[in-house]
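S.K.: Sequence:
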Amino acid sequence: MTNEPRRALVASPTQAARAAEERLRAAYDFVPVDQADMVIALGGDGFMLQTLHSMLEARRILPVFGMNLGTVGFLMNEWRLERLDQRLEKAKSFKVNPLRMTVDTVDGERFSIPAINEVSLLRETRQTAKLEVQVNGRPVLPELVCDGVLVATPAGSTAYNLSAHGPILPLGSALVALTPISPFRPRRWRGAILPETTSIRFSVLDPVKRPVSAVADQREVRDVAQVEVGIDRATPLTLLFDPEHTLDDRIAAEQFIA
Numbered sequence: 023m024t025n026e027p028r029r030a031l032v033a034s035p036t037q038a039a040r041a042a043e044e045r046l047r048a049a050y051d052f053v054p055v056d057q058a059d060m061v062i063a064l065g066g067d068g069f070m071l072q073t074l075h076s077m078l079e080a081r082r083i084l085p086v087f088g089m090n091l092g093t094v095g096f097l098m099n100e101w102r103l104e105r106l107d108q109r110l111e112k113a114k115s116f117k118v119n120p121l122r123m124t125v126d127t128v129d130g131e132r133f134s135i136p137a138i139n140e141v142s143l144l145r146e147t148r149q150t151a152k153l154e155v156q157v158n159g160r161p162v163l164p165e166l167v168c169d170g171v172l173v174a175t176p177a178g179s180t181a182y183n184l185s186a187h188g189p190i191l192p193l194g195s196a197l198v199a200l201t202p203i204s205p206f207r208p209r210r211w212r213g214a215i216l217p218e219t220t221s222i223r224f225s226v227l228d229p230v231k232r233p234v235s236a237v238a239d240q241r242e243v244r245d246v247a248q249v250e251v252g253i254d255r256a257t258p259l260t261l262l263f264d265p266e267h268t269l270d271d272r273i274a275a276e277q278f279i280a
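For the sequence shown, the positions run 23 to 280 when our numbering is used.
If you're looking for bench data, these hints aren't it; they were derived computationally from the structure. Computed from a prediction, not measured in an experiment: that's the story for all the values here. Certain hints may be false.
Said to hold, decoys possible - The calculated lysine to any residue pairs, modelled on SDA-like cross-linking and capped at a C-alpha distance of 25 Å, are:
hint	residue 1	residue 2
1	K114	R207
2	K231	D270
3	K112	L46
4	K231	D126
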């Protein structure tokens, strides 16, 4: 009787990922996801996020070891067929606490959606968004005029947040980034770094004339009236990385890339 973890294998629909999946299945044993102790994910960062969101929806969280067959692959390890057993045995685990956004729409609907990288509010039309920003129930920006605003986790701080000139947050820093997207007023405000225990609320000012959508990673809700964002500690996620190329090393290295 073996005590080795039972592994499931999932792959993105790209040709490269499907070819790699076929090679891995010929070389190693795998079980269905509902019988597994861990998951091997083949694809890019988008597919990793999709895999993690599927676990959150199914309420069955497993450690995930990703291998990059996409483009950037920030959340992934290098693709290699050889020595998978040894890599998994030596892999370093990282806990990632997702965000959760609670959205109220103009029509009175409510949605609760997790986000691993970031929650973004974005204008839907050519007109700028006008938002009130509250932190822990206290108004800190009575009127933010902008193309949008986002809240990013440390794991997501090098994604959209960095492109919007937000700060890179070290993994394990227990912080979130609050970053405006093309702010017009207040013109000099460039965002804030907040404790992950912070509750952030956005109220859309004049949501009919200036409609705003809210996006949690890849899931969008349109015509929102109010959005509350906070860290969800009830469902931590576990990512596995090769010891020589761990997520905290990658986040640190991003600060020195020109």
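S.K.: So, for every hint listed, does it hold in this structure?
M.R.: For each hint, the structure was consulted:
Of the pairs offered as hints, the one joining K114 and R207 is violated, with about 44 Å between alpha carbons and a cut-off of 25 Å exceeded. Our distance criterion of 25 Å between C-alpha atoms is broken by K231 and D270, whose separation comes to about 43 Å. For the hint pairing K112 with L46, the CA-to-CA distance comes to about 19 Å; that is within 25 Å, so the pair holds. A threshold of 25 Å between alpha carbons decides the hint, and for K231 with D126 the separation of about 17 Å falls inside it, so the pair holds.
Of the hints listed earlier, those the structure fails to meet are numbers 1 and 2, in rising order.
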